[in-house]
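All chains should be modelled from the sequences, with the hints used to inform the complete structure.
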Amino acid sequence: MSAMANTKVAELGHKALGLTDADVLAMYRQMLLARAVDERMWLMQRAGKIAFIISGQGHEAAQIATTWPMRPNQDWLAPYYRSIASAITFGMSPEDIVTAHLAKGDDVSSGGRQMPGHYGAARYNIVSLSSPVGTQVLHAVGIAMGAWVKGEDVVALTSFGEGTSNQGEIHEAMNFAGVHKLPVIFVCENNGYAISVPLDQQVGGLSVAARAQGYGFPGVTVDGTDPLACYAAAREAHDRATRGEGPTLIEAVVHRLTSHSSDDDQRRYRDPAEVEDLKQHDPIPLFASRLAAVGLLTTELEEQYRAEVKAEINEASKRAEARPEPDVATAERWVYAEEGG
Amino acid sequence: MAELNILEAIRIAMDEELERDPNVMVLGEDVGRKGGVFGATEGLWAKYGGKRVLDTPLTEAMIAGAAAGAAIYGLRPIAEMQFADFSYPAFNQIVSEISRMRYRSNNAFGLPMVIRMPYGGGVHGALYHSQSNEAYFTSTVGLKVVAPGTPADAKGLLKAAVRDPDPVMFFEHKKTYRLFKAEVPDGDTVVPIGVADVARPGKHLSIFCYGYMRFCALEAAETLAREDGVEAEVVDLRTLRPLDTETVLASVAKTGKALVVHEANRFGGFGAEVAAIIAEQAFEHLDGPVTRLAGPDVPGVPFHHSLEDWFMLNPAKIVEAARGLVAY
Ligand SMILES: Cc1ncc(C[n+]2csc(CCOP(=O)(O)OP(=O)(O)O)c2C)c(N)n1
Ligand SMILES: [Mg+2]
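Going line by line, the protein sequences match chains E and F. Last residue of the first sequence? That's 341 in my numbering, and every number before it is there in order. Last residue of the second sequence? That's 328 in my numbering, and every number before it is there in order.
Don't take every hint at face value.
Facing chain F, a subset of chain E residues (Cβ under 7 Å, in silico) [what the hints assert, rightly or not]:
| id | residue |
| --- | --- |
| 1 | GLN114 |
| 2 | SER131 |
| 3 | PRO326 |
Sample of chain F residues with no beta-carbon within 12 Å of chain E, all distances over it, derived [to be verified]:
| id | residue |
| --- | --- |
| 4 | ALA2 |
| 5 | ILE12 |
| 6 | ILE72 |
| 7 | TYR136 |
| 8 | LEU179 |
| 9 | ALA199 |
| 10 | PRO242 |
| 11 | LEU243 |
| 12 | ALA250 |
| 13 | ALA275 |
| 14 | ALA276 |
| 15 | PRO289 |
| 16 | ARG292 |
Hints are computed from structural coordinates only; laboratory data are not their basis. Computed from a predicted structure; not experimentally measured. Glycine included, every Cβ here is placed at the ideal spot set by N, Cα and C.
Next up, the structure:
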C-alpha cells in the first residue's frame, strides 16, 4: 500500500457523492474499528469469555456505507446478527458491543438475556433483534408506517441475508412497504451462503434486487466491498424515502470472511480455493488501497488509525469486563410492564 | 447391540429408513452437504444424493408445506426444523394443514410425515435456541408428538414415526444429543408410538418425565434412594400424544403420588394435561397433591449462565420437589 500511496491514480469519486475527504477517511476508520471489535471478540471467544460469535467480517463496507446517510436520533435501524458495523454507525460503542457479548447485567441490548450478536438499543433507535431470521424486516416497515401515519420525517433501514430474503415475511414486508410507499430501506447483505447453502440453492433467479420490480420500487445490486457504491445507493434510497417516493431494496454483494459462526466450520462445505480467495475480497484492504492511491491515506495515517482503534478496543474490553454480571433476582422481571416502571 | 449416543441413533434410524424405503426423503436447512447443524444427517447426502437428502432454502413454511405435499404424493418425508424455536414460520402449515388434512378430507388424504425438531435448553442458546414448545403441538389435535430420552428410543421411535400413517412431531432434546451412550439394538427394532416406559420401578412416588428430564429424573431417583430411602418410580412418557394413560394411571395407583416434570414453562404446559388426567382418573389413589415441576414462566431461557442455571431444571431441583411431595 505504501508503494501505491505516491502514485495518484483515478479519482475516488467521493466528492461527486457529496462526501468530503474527512468523510471517507472517517468511514475507513470506522471499518477498522468494527473489524477490531469483531476480531477481539473472537479472541475472547477462544479464551472462553464469550460463548459464541457470529461475525460481520467482510460486511463492514456495505454496513458502514449504507447506514452513513442515516440521521442519528431520527432514523431507525432494524439490524441482523452481522450488523456490528451498522450498529456502530447508529451509536453503539465498542464497549456497548463487548458488554453485550459478555452478557453483562447492564448491557444495553438485553441485560445479558440474549445471545451474542443480538444487537439492539432503544437509546440509539436500534430495534431489539431476536434469532428467527427476517422478523426484524417487518418491524422496520412498521416503524416506517408509524412515521407515515404521523407525517414525520423518519427513515427505517433494515438488513438481512440473502437466505433470509426467502422467508415469507420478507415478501409481506416488501409488498406492504411498496403499496404505501413507506420510507424504508431494505439492505440485503448477500454473502452467497446461508450457513452452508449456496445462493443457487437458495434464490431462484439468483437476484434478490430483481424482486423489487414486483413490489413497485427500485432494487439495485451493488458491490458490497465498495463503500462508495454502497453509499451512493443508500444516499439515493434515503433521499427517495424522505421525498415520500417509497422504499428501495439494496442488494450488497459481500463475502463472508469467517465461518457462519463460532459453531461452524466452513471448510466442510466450501471449496478450499474459494476459502483461500476470500482475502482478496476483504473490503478493508481494498478500500485502503483506493484511499492510498488518491493520496488520502498515508502510511502514517493508517498507522495512527490502527493505533487509535487498538487503544479504543483495549479500553472498551477492559471496561466491559469490569461491568457487573446480571442479578439472578431480576430474572423474572419484565415479562410485563411493572407498576411505576 | 451397539453403544450409541442419541445423535448417532437418530442418524442411523434415518439412514436405515432411507435404505429400506425409496419413498423416504430428508429435507431441511443445511441437512445436505453440511450434514445438519448438529450433524444428525451427516453422511446421508453423500450416500443418497441431493434429491433424497435435500438442502432447502431458509424457509420453514416451505419445508413443512412441501413435505405435506410430498406426503400427499406418496413420499414419506422427514422434515427438519433446524431448531424447534424456528418452527413458527411453519406453524400455519403444521396447524392449519398438516394436523387437519385427514379429518377434513374425510380420510381421503393422510400425511405420513415426520417433523424433527431439536428443542430444549442448557446449551447457552438463550431465548431462541432453547425453547421447549411441545405444548403448542400436543394441544393440536391430529398431530402425534414424540420426545425420546434414550438412544434406543430415539432410534426405534424415529423408525416408528417414519412408518406411521399420520404426521409425527419428533422432539429431540439437543442437550441429550451427546450426553451419554447406551445400548441400542441393531437393525430394524421399532419402538411403538404411544407406549410409555417405566424407566425405574419404585413405590413412594411417581415421576413423569420425557426427553432430557428422563436423565435428570433417574439421577434424582438415585439420590432419593441413597439419601432418603425413597424409591421413586420414573415413568418416561416417550410419546406425549397419544399419551399412554394406562401406564400413567397404573403407576399412580401403585405409588399414590405424582410429580410431573418438564422443562417447558409451567402455565398451560404439557404437565397440566398429565396432572388433569391423574386428578380425574386416579383421584382415589392419590395420597398427595399432583405436583408439577416445570420451567419458570418467563418467555425463554435467558442467556447469561447464571440466568440459564436459574431457568433449567436439574436432578437437584427434582430431588427437592420429590422430597416435598413425599413428606406431604
Ligand atoms: C427462521 C429461522 N430459521 C433458521 C435459522 C437458523 N439460521 C440462522 S442464520 C441462518 C442462515 C442465514 O443466512 P443468510 O440469511 O444468508 O444470512 P448470513 O448469515 O449469510 O449473513 C440460519 C439457517 C434461524 N435463525 N431462523
Ligand atoms: Mg448469506
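So which hints don't hold here, by number, going up? No numbers; nothing is violated.
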